[in-house]
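**Student:** Residue numbers for the sequence shown follow full-length UniProt numbering, beginning at 1 and rising by one.
Quick caveat, the hints were computed from the structure, so don't treat them as lab data.
Take the hints with a grain of salt, since some may be wrong.
[Claimed, not checked] Lysine to any residue pairs mimicking SDA-like chemistry, simulated, CA-CA at most 25 Å apart: (1) K130 to S66; (2) K91 to G145; (3) K142 to G118; (4) K51 to T108; (5) K142 to P54; (6) K139 to A84; (7) K62 to M49.
[Claimed, not checked] Label pairs and their in silico Cβ distance ranges: (8) E147 to S106: 12 to 22 Å; (9) K89 to S40: 30 to 40 Å; (10) P70 to A127: 26 to 36 Å.
Glycine included, each C-beta is placed from N, C-alpha and C at the ideal position.
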Amino acid sequence: MELNGEQLISAPIPDVWKGLNDIDVLAKSIPGCEEISRISPEEIHAKVMFKIGPVRARFAGKLLLSDIVPDQSCSMAFEGSGGAAGFAKGKSRVELKQAEGGTLVSYTTEASIGGKLGQIGGRLISASAKKIADDFFQKFAKELGGETVALESDAGSK
1 MELNGEQLIS APIPDVWKGL NDIDVLAKSI PGCEEISRIS PEEIHAKVMF KIGPVRARFA
61 GKLLLSDIVP DQSCSMAFEG SGGAAGFAKG KSRVELKQAE GGTLVSYTTE ASIGGKLGQI
121 GGRLISASAK KIADDFFQKF AKELGGETVA LESDAGSK
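Construct the entire structure; sequences and hints are all you get.
**Tutor:** Right, dumping it as C-alpha coordinates:
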(Lines of atoms letter the chains of each structure in order from A; the text may use other names.)
(Lines give C-alpha, C1' and ligand atoms only; values in the text may rest on other atoms or scores of the structure.)
Protein backbone atom coordinates (compact mmCIF):
# COMPACT_ATOMS: atom_id res chain seq x y z
CA MET A 1 0.00 0.00 0.00
CA GLU A 2 1.20 3.52 -0.79
CA LEU A 3 -0.07 6.70 0.83
CA ASN A 4 1.15 10.10 -0.30
CA GLY A 5 -0.08 13.52 0.66
CA GLU A 6 0.52 17.12 1.52
CA GLN A 7 -0.85 19.28 4.30
CA LEU A 8 -0.47 23.02 4.72
CA ILE A 9 -0.19 23.87 8.42
CA SER A 10 -0.56 27.50 9.46
CA ALA A 11 2.58 27.53 11.61
CA PRO A 12 6.24 28.30 10.86
CA ILE A 13 8.65 25.47 9.96
CA PRO A 14 10.55 25.50 13.31
CA ASP A 15 7.28 25.08 15.23
CA VAL A 16 6.11 22.24 12.96
CA TRP A 17 9.49 20.48 13.24
CA LYS A 18 9.51 20.85 17.02
CA GLY A 19 5.95 19.49 17.21
CA LEU A 20 6.78 16.47 15.05
CA ASN A 21 9.57 15.64 17.50
CA ASP A 22 7.62 16.29 20.72
CA ILE A 23 6.06 13.09 22.08
CA ASP A 24 3.51 15.07 24.12
CA VAL A 25 2.26 16.79 20.95
CA LEU A 26 2.32 13.47 19.07
CA ALA A 27 0.40 11.71 21.87
CA LYS A 28 -2.41 14.26 21.52
CA SER A 29 -2.33 14.19 17.71
CA ILE A 30 -2.13 10.49 16.81
CA PRO A 31 -5.67 9.07 16.58
CA GLY A 32 -6.14 6.29 19.14
CA CYS A 33 -2.76 6.87 20.82
CA GLU A 34 -2.74 5.25 24.24
CA GLU A 35 0.95 5.47 25.06
CA ILE A 36 4.08 6.89 23.47
CA SER A 37 7.67 7.03 24.69
CA ARG A 38 11.00 8.13 23.29
CA ILE A 39 13.60 5.39 23.70
CA SER A 40 16.41 7.41 22.09
CA PRO A 41 16.65 10.45 19.78
CA GLU A 42 15.99 8.09 16.85
CA GLU A 43 13.55 5.56 18.37
CA ILE A 44 9.95 5.97 19.53
CA HIS A 45 7.64 3.25 20.87
CA ALA A 46 3.85 3.60 20.89
CA LYS A 47 0.60 1.77 21.61
CA VAL A 48 -2.33 2.79 19.42
CA MET A 49 -5.93 1.59 19.11
CA PHE A 50 -7.09 1.49 15.49
CA LYS A 51 -10.38 0.55 13.87
CA ILE A 52 -10.02 -0.27 10.19
CA GLY A 53 -13.18 -1.62 8.62
CA PRO A 54 -14.49 -4.43 10.83
CA VAL A 55 -11.14 -4.93 12.59
CA ARG A 56 -10.40 -3.12 15.84
CA ALA A 57 -7.04 -3.75 17.44
CA ARG A 58 -4.41 -2.34 19.76
CA PHE A 59 -1.06 -2.08 18.00
CA ALA A 60 2.29 -1.93 19.75
CA GLY A 61 5.05 -0.67 17.56
CA LYS A 62 8.24 1.21 17.08
CA LEU A 63 9.39 4.01 14.82
CA LEU A 64 13.04 4.48 13.84
CA LEU A 65 14.08 7.88 12.49
CA SER A 66 16.94 8.32 10.02
CA ASP A 67 18.30 10.79 7.46
CA ILE A 68 17.32 13.61 9.82
CA VAL A 69 17.84 17.14 8.48
CA PRO A 70 16.44 19.48 11.19
CA ASP A 71 13.64 21.78 10.01
CA GLN A 72 13.64 20.03 6.60
CA SER A 73 13.11 16.27 6.43
CA CYS A 74 13.49 12.81 7.88
CA SER A 75 12.88 9.19 7.00
CA MET A 76 11.10 6.68 9.21
CA ALA A 77 10.92 2.92 9.37
CA PHE A 78 8.01 1.54 11.36
CA GLU A 79 6.62 -1.78 12.44
CA GLY A 80 3.71 -2.68 14.64
CA SER A 81 1.85 -5.76 15.76
CA GLY A 82 -1.82 -6.01 16.63
CA GLY A 83 -1.80 -9.65 17.72
CA ALA A 84 -4.43 -11.69 15.88
CA ALA A 85 -5.51 -8.57 13.96
CA GLY A 86 -2.24 -8.56 12.09
CA PHE A 87 0.81 -6.42 11.57
CA ALA A 88 2.01 -3.42 9.62
CA LYS A 89 5.49 -2.40 8.62
CA GLY A 90 6.93 0.05 6.21
CA LYS A 91 8.77 3.27 5.62
CA SER A 92 7.87 6.91 5.27
CA ARG A 93 9.53 10.17 4.29
CA VAL A 94 8.44 13.58 5.56
CA GLU A 95 9.57 16.92 4.11
CA LEU A 96 8.83 20.45 5.32
CA LYS A 97 8.84 23.45 2.99
CA GLN A 98 8.07 27.11 3.50
CA ALA A 99 4.77 28.00 1.86
CA GLU A 100 2.46 30.97 1.77
CA GLY A 101 0.41 30.73 4.94
CA GLY A 102 2.69 28.36 6.84
CA THR A 103 4.51 25.08 6.35
CA LEU A 104 3.83 22.53 3.62
CA VAL A 105 4.27 19.03 5.01
CA SER A 106 4.72 16.39 2.27
CA TYR A 107 4.76 12.69 3.08
CA THR A 108 5.20 9.45 1.21
CA THR A 109 4.54 6.10 2.83
CA GLU A 110 4.94 2.51 1.70
CA ALA A 111 3.50 -0.15 3.98
CA SER A 112 2.77 -3.84 4.01
CA ILE A 113 -0.05 -5.25 6.09
CA GLY A 114 -0.73 -8.86 7.10
CA GLY A 115 -3.05 -10.97 9.23
CA LYS A 116 -6.77 -10.11 9.43
CA LEU A 117 -5.96 -6.58 8.27
CA GLY A 118 -4.29 -8.02 5.18
CA GLN A 119 -7.57 -9.72 4.26
CA ILE A 120 -9.48 -6.44 4.16
CA GLY A 121 -9.78 -4.88 0.72
CA GLY A 122 -7.06 -2.51 -0.39
CA ARG A 123 -9.47 0.37 -1.00
CA LEU A 124 -10.86 0.16 2.53
CA ILE A 125 -7.33 0.03 4.00
CA SER A 126 -6.23 3.01 1.86
CA ALA A 127 -9.33 5.04 2.75
CA SER A 128 -8.86 4.29 6.45
CA ALA A 129 -5.16 5.19 6.32
CA LYS A 130 -5.95 8.47 4.56
CA LYS A 131 -8.58 9.32 7.20
CA ILE A 132 -6.12 8.55 10.01
CA ALA A 133 -3.50 10.79 8.34
CA ASP A 134 -6.03 13.62 7.87
CA ASP A 135 -7.21 13.31 11.49
CA PHE A 136 -3.60 13.37 12.68
CA PHE A 137 -2.78 16.57 10.80
CA GLN A 138 -5.94 18.33 11.99
CA LYS A 139 -5.19 17.49 15.63
CA PHE A 140 -1.50 18.26 15.16
CA ALA A 141 -2.22 21.70 13.68
CA LYS A 142 -4.55 22.49 16.60
CA GLU A 143 -1.83 21.46 19.08
CA LEU A 144 0.47 23.99 17.38
CA GLY A 145 -2.19 26.68 17.72
CA GLY A 146 -2.97 26.72 14.01
CA GLU A 147 -5.03 24.76 11.55
CA THR A 148 -4.65 22.75 8.38
CA VAL A 149 -5.37 24.73 5.25
CA ALA A 150 -7.17 23.03 2.36
CA LEU A 151 -4.98 22.55 -0.69
CA GLU A 152 -6.45 22.89 -4.17
CA SER A 153 -5.27 19.45 -5.25
CA ASP A 154 -4.76 16.88 -2.52
CA ALA A 155 -2.36 14.07 -3.40
CA GLY A 156 -4.21 10.78 -3.28
CA SER A 157 -3.34 7.25 -2.29
CA LYS A 158 -2.76 4.25 -4.49
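**Student:** Confirm or reject each hint.
**Tutor:** Hint-by-hint comparison with the structure:
Annotation: proposed proximity of K130 to S66 holds, straight-line Cα distance about 24 Å (limit 25 Å). For the suggested pair K91 and G145, the alpha carbons sit about 29 Å apart, so the restraint of at most 25 Å is broken. Only pairs whose Cα atoms come within 25 Å are accepted, and K142 paired with G118 is rejected, the gap being roughly 33 Å. Restraint check: the Cα-Cα separation between K51 and T108 comes to about 22 Å, which is no more than 25 Å; the hinted pair holds.
Our distance criterion of 25 Å between C-alpha atoms is broken by K142 and P54, whose separation comes to about 29 Å. Of the pairs offered as hints, the one joining K139 and A84 is violated, with about 29 Å between alpha carbons and a cut-off of 25 Å exceeded. Restraint check for K62 and M49: satisfied, since their Cα atoms lie roughly 14 Å apart, inside the 25 Å limit. Between E147 and S106, the C-beta spacing of about 18 Å keeps the proposed range 12 to 22 Å intact.
Judged by the Cβ atoms, the range 30 to 40 Å given for K89 and S40 is violated: they are separated by roughly 20 Å. P70 and A127 have their C-beta atoms about 33 Å apart, which keeps the hinted 26 to 36 Å range intact.
Hints 2, 3, 5, 6, 9, counting from the list given before, are not met by this structure.
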